[in-house]
Amino acid sequence: MGVITVQQMTQMSAHRRAVDQIRESYAALPADAVPRLAKATTNLFRFREGAKAAKLSARDLDQVIEVDPITMTAEVQGMTTYEHLVDATLAHGLMPYVVPQLKTITLGGAVTGLGIESSSFRDGLPHESVEELEILTGDGRIVVARDDNEHRDLFRAFPNSYGTLGYALRIRIKLRAVEPYVRLSHIPFTDADKCMIAMKEICESGEHEGERVDFVDGTFFGPGELYITVGRFAERAPYLSDYTGMRIYYRSIQTRARDWLTVRDYLWRWDTDWFWCSRAFGVQGALVRSLMPRKWMRSDVYRKLVGLDHKYGVIARVDRWRGQPLQESVIQDIEVPVERGAEFLEFFHDKVGMAPVWMCPLKSNGEWPLYPLEQGRLYVNFGFWGMVPLPRGQFDGYYNRLIEHQVHELDGHKSLYSTSFYPRDEFWKFYNGKAYWPVKRAYDGGGRLLDLYDKCVRGR
755 MGVITVQQMT
765 QMSAHRRAVD
775 QIRESYAALP
785 ADAVPRLAKA
795 TTNLFRFREG
805 AKAAKLSARD
815 LDQVIEVDPI
825 TMTAEVQGMT
835 TYEHLVDATL
845 AHGLMPYVVP
855 QLKTITLGGA
865 VTGLGIESSS
875 FRDGLPHESV
885 EELEILTGDG
895 RIVVARDDNE
905 HRDLFRAFPN
915 SYGTLGYALR
925 IRIKLRAVEP
935 YVRLSHIPFT
945 DADKCMIAMK
955 EICESGEHEG
965 ERVDFVDGTF
975 FGPGELYITV
985 GRFAERAPYL
995 SDYTGMRIYY
1005 RSIQTRARDW
1015 LTVRDYLWRW
1025 DTDWFWCSRA
1035 FGVQGALVRS
1045 LMPRKWMRSD
1055 VYRKLVGLDH
1065 KYGVIARVDR
1075 WRGQPLQESV
1085 IQDIEVPVER
1095 GAEFLEFFHD
1105 KVGMAPVWMC
1115 PLKSNGEWPL
1125 YPLEQGRLYV
1135 NFGFWGMVPL
1145 PRGQFDGYYN
1155 RLIEHQVHEL
1165 DGHKSLYSTS
1175 FYPRDEFWKF
1185 YNGKAYWPVK
1195 RAYDGGGRLL
1205 DLYDKCVRGR
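Here the sequence shown stands for residues 755 to 1214, numbered as in my numbering.
It is possible that some hints are incorrect.
Claimed, not checked - Pairs of lysine to any residue, SDA-like flavour, derived with a Cα cap of 20 Å:
#1 954 to 1188
#2 1188 to 1137
#3 1105 to 1188
As the list claims (entries may be wrong) - So the derived label-pair ranges between C-beta atoms look like this:
#4 991 to 961: 12 to 22 Å
#5 896 to 764: 16 to 26 Å
#6 1191 to 768: 30 to 40 Å
#7 1149 to 1201: 30 to 40 Å
#8 900 to 777: 18 to 28 Å
#9 846 to 896: 21 to 31 Å
#10 955 to 1201: 44 to 54 Å
#11 934 to 960: 16 to 26 Å
#12 846 to 764: 33 to 43 Å
Hint data in this document are derived by calculation from the structure and do not stem from the laboratory.
Glycine included, every Cβ here is placed at the ideal spot set by N, Cα and C.
Turn these sequences into a full structure, and let the hints steer you where they fit.
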């Protein structure tokens, strides 16, 4: 970092007090209770049942400590949202290398879980631009982990550990320069194989029609309607679109070949309608949309509504009253190699039938043992989120188990932020138990925190 200002010293002093507070609170928790971070928002879709938990407050760990435009880095507390960080970095003409799609995803959540976005074809996942982690470990220590110090094993195992090794208190993250606008091109396809071939060519060359691309993602609306969207930074824009009000971003993909957004609006283009999930709440209807305050059209508001429905079972009761079949929640992100992407889409359309589906290419640029993607290989993340009627005689988990099996048949991986059904032995094979357990014993030898299987599969 450069010269330290009085404001930065004040912010770091506040951070140190917050660290002392959470360490003392952690030590005071009952020994028989599972620690849980008390957060204002969550983007997890694992609804826990019946566990005795002790809440650990993180309210004072949600600030940007410093943005340094000289070193192009930011010091950020673990519970800081990407919305907050982006506002701070854009003021300097900078942004994180990878900004996950939803405003209230936290830095700590993206690093200890997994995040992805349209820059991931080049820059990997959010943790790949992290330089340093300050972590409250399961055994109560505060350690600073980097790739070049004695805690390298923890630094490398932290991604995809979901708070089972410790909690990120402070993160130093690298930033990149931006231009004010993003020019979008939506490229239509009627064949999934050709779409995957084109996506691979664009990502590997970093170009489209002879021009550099900065962002690549795509949308599957059906077997004969797919789009690759490429974005490129621009200094000027002939016009600007606004998808924070009556207009809906994902619908524009089907009707516009070219579009222009500010950088900020591009980064949050999916948040207003939670991709397309706002339609479940009627928010895409003209009347409801015109009456709904813009400040309520956010992913965290919709997530709270889902949580309330899970608690009170409103949709299930209405379905029973109407004589409708039971529905299963199918909310997942998975990755398969780009060469197998068309196979996955064929399976998904035939066996599940949910659309749209988000398609986001990614390439991991390092070795991260708990989410072992092949280094340098191009994968496609497919994101799908909704409810699907269960076939007669089938029970909850039917579709999710089908998806888990198919993903691994295609040499892929599944994120763990939602429901999982793996048997224990199979889970540790896929998520590298051989690498996990030595780190778990080194930093949480007493098992104060849940292990990854208990948390992500058993839902404790």
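Each hint, compared with the structure:
The suggested pairing of residue 954 with residue 1188 is violated, with an alpha-carbon distance near 32 Å, which exceeds 20 Å. Distance check on the hinted pair: residue 1188 and residue 1137 sit about 28 Å apart at the alpha-carbon level, beyond 20 Å; violated. The straight-line distance between the Cα atoms of residue 1105 and residue 1188 is roughly 34 Å, outside the 20 Å bound, and the hint therefore fails. Our hint of 12 to 22 Å for residue 991 and residue 961 holds, since their Cβ atoms are close to 21 Å apart.
A hinted range of 16 to 26 Å holds for the C-beta pair residue 896 and residue 764, which are about 20 Å apart. Checking the proposed 30 to 40 Å range against residue 1191 and residue 768 shows it holds: the Cβ atoms sit about 36 Å from each other. The hinted range of 30 to 40 Å is satisfied by residue 1149 and residue 1201, whose Cβ atoms lie roughly 32 Å apart. About 20 Å separates the C-beta atoms of residue 900 and residue 777, a value consistent with the hinted range of 18 to 28 Å.
The hint said 21 to 31 Å for the Cβ distance between residue 846 and residue 896, and at roughly 29 Å that hint holds. A hinted range of 44 to 54 Å holds for the C-beta pair residue 955 and residue 1201, which are about 48 Å apart. Under the hint 16 to 26 Å, the C-beta atoms of residue 934 and residue 960, about 21 Å apart, fit the expected range. Between residue 846 and residue 764 the beta carbon distance is about 19 Å. The supplied range of 33 to 43 Å is therefore violated.
Hint violations for this structure: numbers 1, 2, 3 and 12, all remaining hints satisfied.
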